[in-house]
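Keeping their order, the protein sequence lines are chains D and L.
Note that my numbering has the first sequence beginning at 1, numbered continuously upward.
Note that my numbering has the second sequence beginning at 377, numbered continuously upward.
Keep in mind that the hints were calculated from the coordinates and are not lab data.
Heads up, simulated PhoX-like pairs for lysine-lysine below, C-alpha to C-alpha not over 25 Å straight-line:
(1) L:K458 - L:K412
(2) L:K512 - D:K17
(3) L:K495 - D:K6
(4) L:K512 - L:K501
(5) L:K525 - L:K500
(6) L:K500 - D:K6
(7) L:K595 - L:K397
(8) L:K539 - L:K412
(9) D:K6 - L:K501
(10) L:K392 - L:K412
(11) L:K525 - L:K514
(12) D:K206 - L:K518
(13) D:K206 - L:K397
(14) L:K595 - L:K469
(15) L:K690 - L:K606
(16) D:K17 - L:K518
(17) L:K568 - L:K501
(18) L:K595 - L:K606
(19) L:K500 - D:K17
(20) L:K525 - D:K206
(21) D:K206 - L:K469
(22) D:K6 - L:K514
(23) D:K17 - L:K514
(24) L:K493 - D:K6
(25) L:K595 - L:K608
(26) L:K525 - D:K17
(27) L:K500 - L:K568
(28) D:K6 - L:K518
(29) L:K458 - D:K6
(30) D:K206 - L:K458
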Amino acid sequence: MLNRIKAIALKEIRQLKRDTRMLFVLFVFPLLLLVIFGYAINFDVHHIKMVVLDQDKSFDSRNFINSLTSSSYFDLVGYINDENKIKEILDKKEAQCVIVFPKDMSRQLYANQNVKIQILIDGVDGNTATVIQNYFNYAVQSYSQKFISNVLAVKGIKSYVPIDLEPVFWFNPDLSSTFFLIPGLIAMILIITAVVSISLSIVREKERGTIEQINVSPLTSFEMLIGKTIPYIIISLLITVVILTAGYILFQIPIKGNYFLLLITTLLFIFASLNLGIFVSSVSQTQQVAFQIATIISMLPSTILSGFIFPIESMPVPIQWLTNITPSKFFLIILRDILLKGVGIEAFWQQVLYLVLFSAILLGLSTLINKRSKVG
Amino acid sequence: MSLSSQKGNMNSIEVKNLTKKFGSFTAVDGISFNVKEGEIFGFLGANGAGKSTAIRILCGIIEPTSGDAIVGGYSVMNEPDKVKLNIGYMSQKFSLYNDLTVEENINFFGGVYGLIKNKLEDRKKWVLKVAYLEGKEKLLTKDLPGGIKQRLALAIAVIHEPKIVFLDEPTGGVDPISRRNFWELINELSHKGITVFVTTHYLDEAEYCNSITLINAGKIIASGTSKELKTKYLTNTMLEVECDRVVEALDIFSKQDWVEETSIFGNYIHISVEDENSARSLAEKTLKENNIKIIRMDKIVPTLEDVFIYLLEKDTKKNVK
Ligand SMILES: Nc1ncnc2c1ncn2[C@@H]1O[C@H](COP(=O)(O)OP(=O)(O)OP(=O)(O)O)[C@@H](O)[C@H]1O
Ligand SMILES: [Mg+2]
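Just chain D, with the same shape it has in the complex (with noise of 0.2 Å):
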């Protein structure tokens, strides 16, 4: 049984050195990927264009759009002086917002009377929407503060803040979604890669008829499967090395945890990704077919489902269920907590577990597929 495990898998090898436009493809694609999804996907909103509409022309006025401009977040793109102009500013997107100063508003200040400053969003964006809305409110409560500790510092009261709220972000400090995409994105570009290239690999065979001459063999259908997996195995590894390497310079991501547990709980999820390729290759027969269901098969779940873009938590109950059908939600958790947390074993057991169950199952299916369509 090893000996005609090994000969799959060398014959593997070889056909697979010598397609070289595959081994590009395999290699390359990853890289490709990682470099656009890292720098086109980032849920931290920056230069946020501002035009200011400002009826006050105060001092106090100016110290607050210095305050906003001064951070990276917002630029100020423009004066106006006509309220009419907001709605097309907005329309035309000159402008992501549009804040207004109310006349008299400094004199109103030191009246110490409450003011209002109006923001106008351009709301089509709903979640971009939304942090520039936080991003103000902060705005406005530290001026608010500094305001106030200056006011009574002028009567000669010395102020201080009662309670402050000092956001610390665990594991990923600077908040940046790059940093916690990326696992997620590792976990997607070698679930492609590996049901991709096992399925194109075995529909091939059934292709050009070289299943027939194997069929025949004493090859069973398991051996013929492990064989068939060892190789790509291989390329999958290498792949992630590949991966790893570009994170760790481009994007500064970290290995935190042990690498041996990195190593093993990798091996496990490129194991049942190629039992994903395998079904895939089961139920297609020609390679267009495989490649189609292979791509969508692998690709939207781990995109959308595996918690990669979009939290679980938020999604609905039913959904929810749904989503465990893609193994990225359960190897991408293993990977923040060993490539960010740096945390062992203890914590993500229960995605380990998941992760043998789900290649077994589908292995067990495979087979029994293979078999079965040898009734016709």
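With chain D held as given, fit chain L with the ligands onto it using these hints.
Below, chain L with the ligands alone, put in the same frame as chain D:
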């Protein structure tokens, strides 16, 4: 095994009422036959007759819908895995890996059949010799000429020295000289005692077979040696006519009630008739009426092709009724 163990009389394949349905379509329809040990068994039929389907059942690749076959002593229904160990198979599609070298193909299939070390080296030498590829092990299989590829495929199909080998249209798309060489190789295997089960489209190749079985629409319509087939089924006389305007003449003959079958062979027409003498005069008279000149008219021994055309037409007419 049920039959006497006297060499040459033992059956290496016994097929009993084998049927294969794909949905409601019956590809193989209750066929039964025996193949003797060491013989070359020709399985003939038109496209879609069910040849490949039958072979794939006998090789244990697909399960029959009903019936059974004993191949090399094992039932394809109950012990397909044991069947597989004892047979070689060359599928209709070219079955080697084009993107592997000659040697890599040999190593792979040798490995799959559990050949190692010395045994593998021995068999590798034999395969290379048989395929005329000694010293060319590093060539990519896709770069080999068609005839050589075919020899390599056959040699690899028997790399594990099985008792029985199934060849599904092994000479498809190969030039005539390579075909003849290929049949010499088949003969060699048969002399070594290997049973060869072969399907082909080429009727001249059927002459090389010890025993021939003809199937049509999944059913056996004739079987025997080539000589038996020519005498047993065709009781009529076969006349070969050489004349002008062959196509027109063929058309005229096929409308005559004294002509049973017509077929065209290059510039000649073959007609099958019951009585030679009356047919000769009727043929001359009819063609003369149509201003077609007869150059020559001879009684001939029917070829296998004549027999098959006759049998196929008869069977097809029966099926239509
Ligand atoms: N897996 C299948 N599913 C459905 N129909 C099939 C299947 N395999 C074969 N058939 C049908 O069964 C019939 C017999 O096919 P088979 O391949 O056995 O013919 P054949 O005699 O080998 O023909 P050829 O000379 O073209 O190789 C054909 O009509 C074919 O379409
Ligand atoms: Mg066929």
